[in-house]
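Chain Z is already provided as a structure; the job is to place chain V on it using the hints.
Each chain, written out:
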Amino acid sequence: MGFFDIFLVEALVNGLLLGGVLALLALGLNLIFGVIDVAWICYAELVMFGMYAMYYFVIVFGLSYWVAAPMAIALIGVMGVLLHVLVIAPLLGTAPINQLLATGGVLFFLQSLATVAFGIDFRNLGIRLPTLEVAEVFVSYARLLAFGAALTGMLALWLFLTRTYTGTAIRAIAQDREIMALMGVDTRRVYVITSAVGGALAGLASCLLVLQYDVHPFVGLSFGPITFMICVMGGLGNMIGGFIAAFIFAEIISIGGLYLDLEWGYVFAFVFFIAMMFVRPEGLLARRS
Amino acid sequence: MNAIPKGKAGLWAAAAAALVILPLAWGSPYPMHIMITILIWSFAYTSWSMMGRFGLVSLGHGGFMGVGAYVTALAWNNLGLSPWLGIPLGLLCAALLALVVAWPCFRFRITGHYFALVTLALSGIVLQVIVATRGLTGGSLGYTPDRVPGGSSIIAFQFTDKSTWYLIALAVWAMGLVIWYAVQHSMMRYALEAISEDEDAAAAAGVNVTAEKLKITVISAMMTALSGALYCQYQMFVSPDSVSGIAISLQMVFAVVVGGIYVALGPTIGAVITILLGEGLRIGFGPAAVGWDNLIYGLLLVIFIIFLPQGILGSIMSVWRRNTARAAA
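The listed protein sequences derive, respectively, from chains Z and V.
Note that our numbering gives residue 69 to position 84 of the first sequence, counting from 1, and the numbers run on in steps of one.
Note that our numbering gives residue 38 to position 37 of the second sequence, counting from 1, and the numbers run on in steps of one.
One chain only, chain Z, in its complex shape:
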């Protein structure tokens, strides 16, 4: 296999498209972290529930994909709010590690709830999107759609954060948690809104992932850890850093998977992550003090 061949180009393009979805996943997590200073370990499990919601709406209730998607997004948004109100809010004053572990408990809970409620069968929507061929490079239409929707979602979030009053309050809280309460901002309300938006982003990601992957109770484990690493590598709470990190990760996985196995792609990505933590512990875009 030559170094610059058509497979490499295809892997690069697929990596780019995978990067879009990973960036979207990282975006919601980063928003929650930047504003509430909590890492939702169970974020990927919310995505898993969104995928099941899509499956039930489309296959069991026979709704069209375009009707089901907003409903799934809203549903996961509500789950985000519930997670915040029931688990995070009582722990806000305690050590950050307690919040991390509590969401770890939620991870177990949601995974088993899915096992008990939906069984361990693999399910999919049965929608087969065609493959696009551009100059001998095969690109999955589902991935292209996911990439486009991921970029749109990110743009919408950016507009929300910079153009609306609530968005400004959210950004202000991310900068200084204590002061904003004194400035008359109801931090609890902002936290709830942020959780809803973070959940909705997980919901959007699930609508896109369900087109490419089968859903089963443990699907969260296959992209949960990698989403976390992307956020940490980009600098937790730093959305642009997370965005760049997502594409680097996706390319490593894609190209590693081309020359060896997909698992080796993941191994390289993880090793790269640990190496980067030593070079830039504060994240890709941080300035070393």
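Source of the hints: derived by calculation from the structure; they are not laboratory data.
You may find that some hints are simply not true.
A few chain V residues that face chain Z, going by a derived Cβ cut-off under 10 angstroms, partial list only [said to hold, decoys possible]:
1) G56
2) V101
3) I111
4) H114
5) V119
6) L121
7) A122
8) S124
9) V132
10) V254
11) Y298
12) L302
13) I304
14) I307
15) F308
We put the CB at the ideal spot given by N, CA and C, even for glycine.
Positioned in the frame of chain Z, the structure of chain V alone reads:
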């Protein structure tokens, strides 16, 4: 606090004798199997709590357990190396892995949830390497150490007799508690407690922050690797999901938090509760119970962290101490 009063010493000796003799006298295989499993996991959870109780929350211990189990089994099958040498080799590998990951972490002051996430990557790497090198390790199908003819051999560290395993597991578990107490009564404990309160202040007071944290991390990683090797030798089968990865790492955290992170027997209580709960559901409900045990674990973990962060044993002990202090006053 340091010296155990005479009356108590007798009580401890009686408890230890009962632990050795009673199960052997009873001798029924299934309860014996449950006891061995509880002891091995208790030791693994104790190993995790060695670090966890000083605020060093690692989600990478599933990785150390996997290294201990797989290195021992691979050395036996491929090199013919007896587990008596293979286990130390596995422990050494785990210690090296711990050093490679932890040293830069501590050097660059990666603490709190950043540390948890870096170690999370570690358990992910070990899991993926085991799956990726499926030609050698059998991948996700799992791996079996070659059996010796006859089934039992001291050199191969394989025993068909459950009582032998019970005594081994009991001894290792007791060793874990001894290490716990040794740390409890050492200068290291004060240094690590100071570090977990405020690293800068501890450094200013002359504590070598990086060295102290590294010491406890390596101890904890090696103990965890030993539990993995024992688990593999006892079950004669390991799979990546049963000894490595994020699920096992979270399971350790869960059991320790439920039992009590700051008391010696907390992890043991956690193991007893989680294993009995899992087995009870399995016997009571059969295949319908699949998933329910983890559902209850997850719910309990959240409830415990919110309402009872000291864990069951920790809370009981602090109430008891408060009452005895009041009675004395």
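Agreement of hint V/Y298 with chain Z interface, Cβ distance less than 10 angstroms: Holds, because the Cβ-Cβ distance from V/Y298 to chain Z comes to roughly 5 angstroms (cut-off 10 angstroms).
Hold the hint about V/I304 up to the distance rule: shortest CB distance to chain Z must be less than 10 angstroms. Status holds, d = 8 angstroms.
Measuring from the C-beta of V/I307 to each C-beta in chain Z, is the shortest one below 10 angstroms? holds (5 angstroms)
Any CB of chain Z closer than 10 angstroms to the CB of V/S124? Holds: closest Cβ of chain Z sits about 8 angstroms from V/S124, inside 10 angstroms.
Quick check on the hint: V/V254 CB to chain Z CB, less than 10 angstroms? Status holds, d = 6 angstroms.
Restraint satisfaction for V/F308 [CB to CB of chain Z, less than 10 angstroms]: The hint holds - V/F308 has a Cβ within 10 angstroms of chain Z, the shortest such distance being about 9 angstroms.
Was the hint right that V/H114 lines chain Z, CB cutoff 10 angstroms? Result: holds, 5 angstroms to nearest chain Z Cβ.
For the hint on V/A122, just tell me whether its beta-carbon gets within less than 10 angstroms of chain Z. holds (5 angstroms)
Is the hint on V/V119 kept, meaning its closest Cβ partner in chain Z is under 10 angstroms away? With a minimum Cβ separation of about 5 angstroms from chain Z (threshold 10 angstroms), the hint on V/V119 holds.
Does V/V132 pass the interface check with chain Z, least Cβ-Cβ distance below 10 angstroms? holds (5 angstroms)
Given V/G56 as an interface hint, is the shortest Cβ-Cβ distance to chain Z below 10 angstroms? Since chain Z brings a Cβ to about 7 angstroms from V/G56, closer than 10 angstroms, the hint holds.
When the least beta-carbon distance from V/I111 to chain Z is tested against 10 angstroms, hint result: Interface hint status for V/I111: holds (5 angstroms vs cutoff 10 angstroms).
Checked against the numbered hints listed earlier, the structure breaks none of them; every hint is satisfied.
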